[in-house]
Amino acid sequence: MWRRALASPAALLALLVLGFWVVTAITVPWWGLPDPTESVGRRFQPPGGAFPLGTDALGRCVLSRTLHGARLSLPLAFCVVVGAAALGVLLGAIAGFLGGAADWLLSRAADIALAFPPVLLALAVAATLGPGLLNAGLAMLAVWWPIYLRLMRAQVRGVMRMEHVQAAVTVGSTPAAILRRHVVPLCTTPILVALPLDLGQVILLGAGLSFVGLGAPPPAPEWGLMVAEGATTLHRWWLVAGPGVAILSVVLACTLLGDRLREQGRG
Amino acid sequence: MVLIQRLLLLPVLLLGIAAVSFGLSRATGVDPVIAIVGERAMEDPAVVAAARAQWGLDRPVAVQFLRHVANAVQGDFGTSFRTRRPVGMDLAERLPATLELVLAATLLGTLVGAALALLSARWPHGLLDQAVRGFASAGVSIPVFLAGLLLLWLFATSLDWLPGPGRLDARLTPPPVWTGMLLVDAAWAMDWAVWRDAARRLVLPAAALGWGIAALVARLLRATLIEELARFHIVAARSRGLSEGRLLLDHALPNAMVPALTLVSLSFATLVAGAVLTETVFAWPGVGAYALESARTLDYPAIMAVTMLGGVALALSGVVADAGQAWLDPRLRDR
Amino acid sequence: MGSMTGLARRAALATLVALGLGGPALAQQAPATLVVARNMDVNSLDPHRGFCDTCQIVFDALYDTLVTIGPDNRTPVPRLATRWEASADLTRWTFHLDPRARFASGRAVEAADVAWSFRRLAATRASSSFLAGDIERIETPDAHTVTVHLKAANSEFIGIAAAPYMAVVDRVAAEAAGIRAEGEVAQDGGDRWFGENSAGSGPFTLARYRPNDELRLARNANYWRDAPAFAEVVIRQAAGAAVQGQLLASGGADIALQLDTETARALPRDRATVQVLPSPNFIYLAIAPGAPAAQGRFTPEVREAISLAVDRAAMIEFVLGGAGKPQASPIPNGFPGSAGLEVPGTDLARARQMLAAAGHGRGFDVDFTFPAINSYGADMSLVAQRLQQDLGRVGIRLRLQPATFPVWVQQMRAAQLPMTIGYYAPDYFGSAQYVNFFGIMEGTPWFTRAGGGNLPSIANGELRGLLTRALAAPEAEREAAFQAVARSMMGDRIILPLLSPDLVIAHRPGLQGVRYSTCCNLPLAEIRPR
Chain A
93 MWRRALASPA
103 ALLALLVLGF
113 WVVTAITVPW
123 WGLPDPTESV
133 GRRFQPPGGA
143 FPLGTDALGR
153 CVLSRTLHGA
163 RLSLPLAFCV
173 VVGAAALGVL
183 LGAIAGFLGG
193 AADWLLSRAA
203 DIALAFPPVL
213 LALAVAATLG
223 PGLLNAGLAM
233 LAVWWPIYLR
243 LMRAQVRGVM
253 RMEHVQAAVT
263 VGSTPAAILR
273 RHVVPLCTTP
283 ILVALPLDLG
293 QVILLGAGLS
303 FVGLGAPPPA
313 PEWGLMVAEG
323 ATTLHRWWLV
333 AGPGVAILSV
343 VLACTLLGDR
353 LREQGRG
Chain B
23 MVLIQRLLLL
33 PVLLLGIAAV
43 SFGLSRATGV
53 DPVIAIVGER
63 AMEDPAVVAA
73 ARAQWGLDRP
83 VAVQFLRHVA
93 NAVQGDFGTS
103 FRTRRPVGMD
113 LAERLPATLE
123 LVLAATLLGT
133 LVGAALALLS
143 ARWPHGLLDQ
153 AVRGFASAGV
163 SIPVFLAGLL
173 LLWLFATSLD
183 WLPGPGRLDA
193 RLTPPPVWTG
203 MLLVDAAWAM
213 DWAVWRDAAR
223 RLVLPAAALG
233 WGIAALVARL
243 LRATLIEELA
253 RFHIVAARSR
263 GLSEGRLLLD
273 HALPNAMVPA
283 LTLVSLSFAT
293 LVAGAVLTET
303 VFAWPGVGAY
313 ALESARTLDY
323 PAIMAVTMLG
333 GVALALSGVV
343 ADAGQAWLDP
353 RLRDR
Chain C
82 MGSMTGLARR
92 AALATLVALG
102 LGGPALAQQA
112 PATLVVARNM
122 DVNSLDPHRG
132 FCDTCQIVFD
142 ALYDTLVTIG
152 PDNRTPVPRL
162 ATRWEASADL
172 TRWTFHLDPR
182 ARFASGRAVE
192 AADVAWSFRR
202 LAATRASSSF
212 LAGDIERIET
222 PDAHTVTVHL
232 KAANSEFIGI
242 AAAPYMAVVD
252 RVAAEAAGIR
262 AEGEVAQDGG
272 DRWFGENSAG
282 SGPFTLARYR
292 PNDELRLARN
302 ANYWRDAPAF
312 AEVVIRQAAG
322 AAVQGQLLAS
332 GGADIALQLD
342 TETARALPRD
352 RATVQVLPSP
362 NFIYLAIAPG
372 APAAQGRFTP
382 EVREAISLAV
392 DRAAMIEFVL
402 GGAGKPQASP
412 IPNGFPGSAG
422 LEVPGTDLAR
432 ARQMLAAAGH
442 GRGFDVDFTF
452 PAINSYGADM
462 SLVAQRLQQD
472 LGRVGIRLRL
482 QPATFPVWVQ
492 QMRAAQLPMT
502 IGYYAPDYFG
512 SAQYVNFFGI
522 MEGTPWFTRA
532 GGGNLPSIAN
542 GELRGLLTRA
552 LAAPEAEREA
562 AFQAVARSMM
572 GDRIILPLLS
582 PDLVIAHRPG
592 LQGVRYSTCC
602 NLPLAEIRPR
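Residue numbers (this note's numbering), protein chains in the order written: chain A, 93 to 359; chain B, 23 to 357; chain C, 82 to 611.
Do not take every clue at face value.
Reference excerpt, derived from the structure (chain A facing chain B, CB under 10 Å, subset only) [stated by the list, open to error]:
hint: 1; residue: Leu198
hint: 2; residue: Arg200
hint: 3; residue: Val261
hint: 4; residue: Ala320
hint: 5; residue: Ala323
hint: 6; residue: Ile339
hint: 7; residue: Ser341
hint: 8; residue: Val343
hint: 9; residue: Leu344
hint: 10; residue: Thr347
hint: 11; residue: Asp351
Subject to a maximum C-alpha distance of 20 Å in a straight line, what follows is the list of computed SDA-like cross-link-like pairs (lysine to any residue) [unchecked claim]:
hint: 12; chain 1: C; residue 1: Lys406; chain 2: C; residue 2: Ser388
hint: 13; chain 1: C; residue 1: Lys232; chain 2: B; residue 2: Asp66
hint: 14; chain 1: C; residue 1: Lys406; chain 2: C; residue 2: Ala420
hint: 15; chain 1: C; residue 1: Lys406; chain 2: C; residue 2: Leu422
hint: 16; chain 1: C; residue 1: Lys406; chain 2: C; residue 2: Ser456
hint: 17; chain 1: C; residue 1: Lys406; chain 2: A; residue 2: Phe170
Treat the hints as calculated values from the structure; they're not laboratory data. Keep in mind the model is a prediction, meaning the values are calculated, not measured. All C-beta atoms in this analysis are idealised placements derived from N, C-alpha and C, irrespective of residue type, glycine included.
Please work from the sequences and hints to get the whole structure.
Quick look at the structure:
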């Protein structure tokens with residue numbers, strides 16, 4: 093599936109972009125860039141010279157901040173998506189497999205969580221726990237797990253209705269064996285396909301939370317926070333350009349990759 | 023059947039939402055009285071005690087919650103700490119603004135998305151198609167606040183083609199309130215100066231919010247249109263010599279509209295959420311901006327009412343999606 | 082292909098409609114309306130309950146006070162009272178009302194209205210009630226004479242009387258609506274009624290109020306002095322400098338009040354006149370030696386070292402783009418006692434030396450929670466980040482943690498914050514408010530917040546006496562007496578003012594009379610077309 097997906101130039105480009113950001117996130121401290129949290133120049137210097145993307149209100153290098161930002165946004169989004177998928181898949185499997193009261197309870201809990209518009213729920217959670225990277229992560233986790241629960245539950249129930257699985261139940265295979273042999277192999281693909289798309293959307297939500305001041309605390313070079321800082325002075329376009337392009341490129345790459353995977357999965 | 027089941031579950035859902043939002047606002051451990059009396063008056067025990075008594079905060083938390091739920095059932099959502107008015111009154115004033123924005127965004131997004139999908143499906147895999155697909159991917163990848171800021175900067179500040187933030191020029195007298203939606207009310211009152219200004223101010227926020235919808239619709243509709251065009255009866259029609267354009271519009275589009283419209287109604291709640299950020303950027307006096315301010319100040323009667331409203335909107339959009347699907351697709355009607 | 086041309090035709094039509102919408106901006110701008118863009122922080126329009134910056138502006142427009150502060154921002158001038166005198170011991174203040182004064186209802190303003198209003202302010206037990214808290218009783222010997230007896234001498238009562246919260250309300254109109262000055266005041270529904278009505282003698286009346294959306298004032302047809310130039314004033318909700326600047330630049334607003342210098346500088350010259358005025362607002366660093374999390378580190382020497390590590394000039398440059406002033410003591414520039422105080426300097430070497438002597442040669446980490454808000458053009462987050470850099474240079478490592486406003490207040494009040502930053506804008510023109518709020522003496526908010534409960538030794542023993550003396554001082558000795566208070570507070574080094582942001586007010590070029598007032602913020606009635 094992956095190989096076929098990568099045959100398209102768009103997906104290849106997306107993978108390159110993601111690769112660039114991952115490599116950046118890992119190696120940027122050794123690039124010899126100015127400290128992203130220190131004032132190293134005059135405030136609001138336009139791009140040029142020592143600062144290819146200019147400086148911000150505190151005279152910090154915007155390029156350095158943008159590149160260092162990958163060290164926050166990417167791992168956070170990754171952890172949230174993987175955590176949400178793990179939690180949702182586990183609970184979804186339980187709900188779909190057991191059915192009955194457990195299914196009802198878990199599904200209603202998911203309904204309630206999904207009944208909050210995501211930004212509102214994340215806002216409420218982040219406002220309660222206080223701003224911070226970890227809390228923003230927990231808030232997004234609260235928004236995302238039910239999506240995987242629903243996905244997994246639907247898959248499991250679909251698989252359980254299949255004749256050969258029914259047969260296995262009838263002959264008295266243990267639940268664990270049924271799960272391992274029949275359910276898991278059929279359910280992993282749709283989950284894996286959903287991951288890159290969700291990664292992009294989680295980065296968007298995280299940036300939104302930081303934008304309204306409920307994400308990473310300053311002086312962290314978080315992209316949403318940087319956009320928020322630059323939003324008050326839009327005529328200094330370079331403040332928003334760096335983090336804006338960063339968000340756009342990562343999310344776009346995730347979306348393109350997810351789309352191609354989905355198309356291949358379907359076709 | 024599914025419809026009735028959904029409606030029956032609504033109260034359970036709402037109670038859950040109320041409990042979660044109440045729990046969250048109280049889990050902070052922050053005394054809600056701060057939101058009422060402010061930083062400095064907190065120092066005066068007489069002021070604090072008076073405020074506590076006046077707002078019913080001197081009772082046990084469980085009692086406060088139950089009282090809230092009991093009142094909410096009767097349509098009374100309590101009084102906002104921040105505005106000191108019944109939350110219902112605040113929401114009644116602000117909901118039409120959000121509805122107008124969301125409806126305009128949906129309309130704009132659906133039309134643009136459909137137009138792009140048609141162009142794309144007419145000449146699939148061409149240059150135009152590539153461009154549309156690129157737009158569709160970009161549309162769901164750009165943060166709505168960034169889109170809003172860029173639109174404002176480009177069309178209002180730099181080019182000066184459209185007015186800046188706000189819903190109506192303060193110098194214009196708003197029409198008598200009928201629906202609360204300015205375009206409807208102004209048209210009803212035949213006040214075209216107001217209508218024009220309101221419409222011009224609606225374009226940018228609706229575009230910022232509708233961009234994502236356009237992208238979603240374009241993606242889905244393009245895929246289903248291409249699928250439809252390959253189907254047996256279309257091939258048959260083509261063999262009868264119908265033009266490609268006619269095929270697309272008369273045969274493929276009606277069938278492909280069903281999933282697209284379902285998607286649109288389902289994304290209604292997402293739009294309401296996006297409205298939080300859009301309204302903040304465009305100084306739009308709607309429920310989204312109200313929700314954000316309420317969350318920041320821990321104005322929990324307002325938070326509870328807004329989240330419950332969001333829950334109802336989401337549940338209803340599910341119902342509407344089901345009903346619309348059944349209406350559009352006769353095959354589903356009997357089920 | 083026929084249908085595609087149909088599509089194209091429809092698309093062209095849609096474009097035409099869009100172009101029609103994109104025509105020239107509204108040409109007709111009724112000059113009778115003045116639009117002010119600002120973040121509406123209104124918590125109530127009940128003049129005896131509301132307490133906010135917007136409230137000051139609105140109350141000043143709807144209601145009269147006995148006196149007001151003149152354009153020099155320090156001299157009291159007549160408003161309802163034509164003249165006034167104080168007893169020699171400064172406990173009895175007598176005001177003589179202007180017999181011409183009329184409420185919007187047409188009824189004459191009487192001494193009984195003043196007494197009723199002051200009693201009600203005390204009885205609402207709201208945030209502003211403290212202003213009337215020192216009043217012992219009020220006498221009204223005749224319809225045009227009011228004598229206020231204070232519990233203690235207060236040389237600044239005239240400044241309190243000029244605060245818009247001391248609004249004189251038409252008691253007949255208010256009582257007819259169920260508003261009370263005694264008895265069941267808490268349940269009198271003032272929040273609701275005053276949200277829809279006004280009952281004052283000021284230049285404007287309330288036309289319409291939609292919380293956090295807009296507030297419309299209409300010219301008072303029965304106004305007893307010169308009518309204001311604008312028939313209508315609209316205060317329009319606009320959160321943040323960016324939105325306000327855009328409103329002003331696009332003609333959607335005439336005045337923007339909460340701009341920062343960067344936004345103001347970007348405004349097109351032909352659309353906006355920018356005034357940069359010194360203000361009494363300030364942002365301070367607060368150190369809580371008695372907070373458990375401070376672990377007893379903040380000894381007087383360490384506090385002095387912290388003060389020496391802060392580069393105030395650089396902070397004004399980085400946070401405010403240079404549009405600000407340093408401030409020496411918790412009594413702000415321009416207020417009694419502030420003249421001639423020297424701003425503490427920066428000396429990193431000495432700061433390091435003092436820290437080493439105190440046993441902190443390797444520095445230490447400390448939690449730093451701050452309110453995530455933008456106040457008076459200064460972004461608190463920038464202040465905190467700048468401070469983190471400054472103190473980092475002497476080894477004090479701040480762990481920044483932004484908090485929403487209620488959370489911050491709660492933790493600060495519980496003495497849970499070893500260090501934080503805060504901001505203050507005056508409630509009235511007078512210096513005693515700063516001592517009563519920031520003074521490290523039993524009973525003040527900051528005595529508690531600095532951890533005085535755990536560490537009573539931080540109390541400043543001489544401050545109470547100095548304040549009492551200043552409040553009883555005759556006019557000629559007042560400045561010197563308050564200066565002694567200010568110096569004493571500076572010596573504590575618990576409240577360290579960091580900067581006083583300049584007020585940046587931008588308005589469209591055709592206006593005059595736009596100014597900042599120390600009592601009333603923005604006097605709307607003074608604004609007129611050029």
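Hints that the structure is at odds with (numbers, increasing)
1, 3, 17
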